[in-house]
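Residue numbers (the UniProt record's numbering), protein chains in the order written: chain A, 1 to 332; chain B, 1 to 108.
Mixed in with the good hints, there may be bad ones.
[To be verified] Below are the SDA-like pairs computed for lysine to any residue, each with C-alpha atoms no more than 25 Å apart in a straight line:
#1 A:168 / B:54
#2 B:54 / B:105
#3 A:142 / B:62
Since the hints were derived computationally from the structure, they do not count as laboratory data.
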Amino acid sequence: MRQIIIIGSGPAGFTAAIYAARAGLEPLLIASSVEAGGELMKTTEVENFPGFPEGIQGPDLMTKLQEQAEKFGTEVLLDDVTSVDFTGDVKKISTGYSGEFEAQAVIFATGSAYRKLGLDDEERLSGRGVSWCATCDGFFFKKKTIAVIGGGDSAMEEATFLTRFADKVYLVHRKDSLRASKIMQERAFANEKIEFVFNSAVVGINGENTVESLALENTVTGETSQLDVQGLFVAIGNDPRTHLIHGQLDLTAAGTIAVAGRSSKTNIPGVFAAGDVIDDTYRQAATAAASGTVAALDAEQYLAGLAEAGAIAELREAEHEISLVEAVATRR
Amino acid sequence: MSNAKTVTDASFDADVINSEDTIMVDFWAEWCGPCRAVSPILDQIAEEHSDKIKIVKLNVDDNPQIAAKYQITSIPAMKVFRGGEVVKTIIGAKPKAALEHDLVDYLS
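Only chain A is shown next, with the shape it has when bound in the complex (with noise of 0.2 Å):
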């Protein structure tokens, strides 16, 4: 059995890698087959992870988080967490082709998934101009027309990223203002290439076998109209993903995990969760890097708990059959 999991590989997975590595607990980190890295795996250049005044890629933030965690004896594994049970005192995590692993504590950061517009034709144009990573896709969208929805930061950026690739950007948002921080609205404000469509929702997608038009709905006036574009890249922001401790761990009104205030503690003693599943507001690089410190001293602290409990019970034991040896002894 180990002492430590950790499920993740976000900022929050493997910052907690490293808190739990250097307090020599040889911490598992079961980083998923094809995403590890998390969500910085489809980002370009990161500007506002302090320590770094030229900027990173996010790829490469987060090869140095894991070689830093591994360098203080994290382990890394490449596979998929498919049901964990975290009922009894030993917490139970059955992976894909890893087979299954036993820790004392467990610290859950998996992060979130994109959110989908819920539209039929969303699921059958992807991949034929529908998109949910302007990094991996942009590319083909060479002098095209295409749309980014949402009014997030991730919108302005894959939007401004985009401008490298397409002729001209529509960045259609559901209301008149945007979530953006003032820089990334500013850039996008300032690129020619960008227009913007406000007060407009998405409520079809039109094209045979690929994106030809969407069809918008004006949220003020209900108004529909029609926008001819050949992709569409959907940054509506992210769910937390948590259909794993459905039913085990207790979650908040916005489907986040239920952690005791500041701590990451979740309703189950052991189990500590981190990052952008318990957050729902700030989820950033940053913000997710602090709170996998924060799961690694909680569960550090646990598993010290856990220890002494251990100590206290053998010493209790050693004593009772100490006490058993002298009434013997005192009965001859």
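Use these hints to put chain B onto chain A, whose structure you have.
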């Protein structure tokens, strides 16, 4: 990196279209993180099912004609060819079990 054979705009007809084997073409690029992640999984599938399917790679940066012909707009894209026709398309990096499930008709 990968042991898979590389095909190009120039060799596509000979290597894929006119081949008698079932061939899956992995459309990829250096700058695509998910492509790099799925590559070793494709190698494993190719090795374990070498009698059923051959997996080859086409770099979309270097081979724009074939990428355009098959209307690639998202990578990794994996297309299975039989007798010169596309019989199956898979979009996006997936775990091995999910890929094997998608490919079940061509691996058994």
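Item to complete: Take a quick look at whether residue 168 of chain A and residue 54 of chain B sit within 25 Å of each other, Cα to Cα.
Response: This hinted pair is violated, its Cα atoms lying about 40 Å apart.
Worksheet item: residue 142 of chain A and residue 62 of chain B: Cα distance at most 25 Å?
Response: holds (15 Å)
Item to complete: Compare the distance between the alpha carbons of residue 54 of chain B and residue 105 of chain B with 25 Å, and conclude whether the hinted pair is satisfied.
Response: The hint holds at about 14 Å.
Checked against the numbered hints given earlier, this structure breaks only hint 1.
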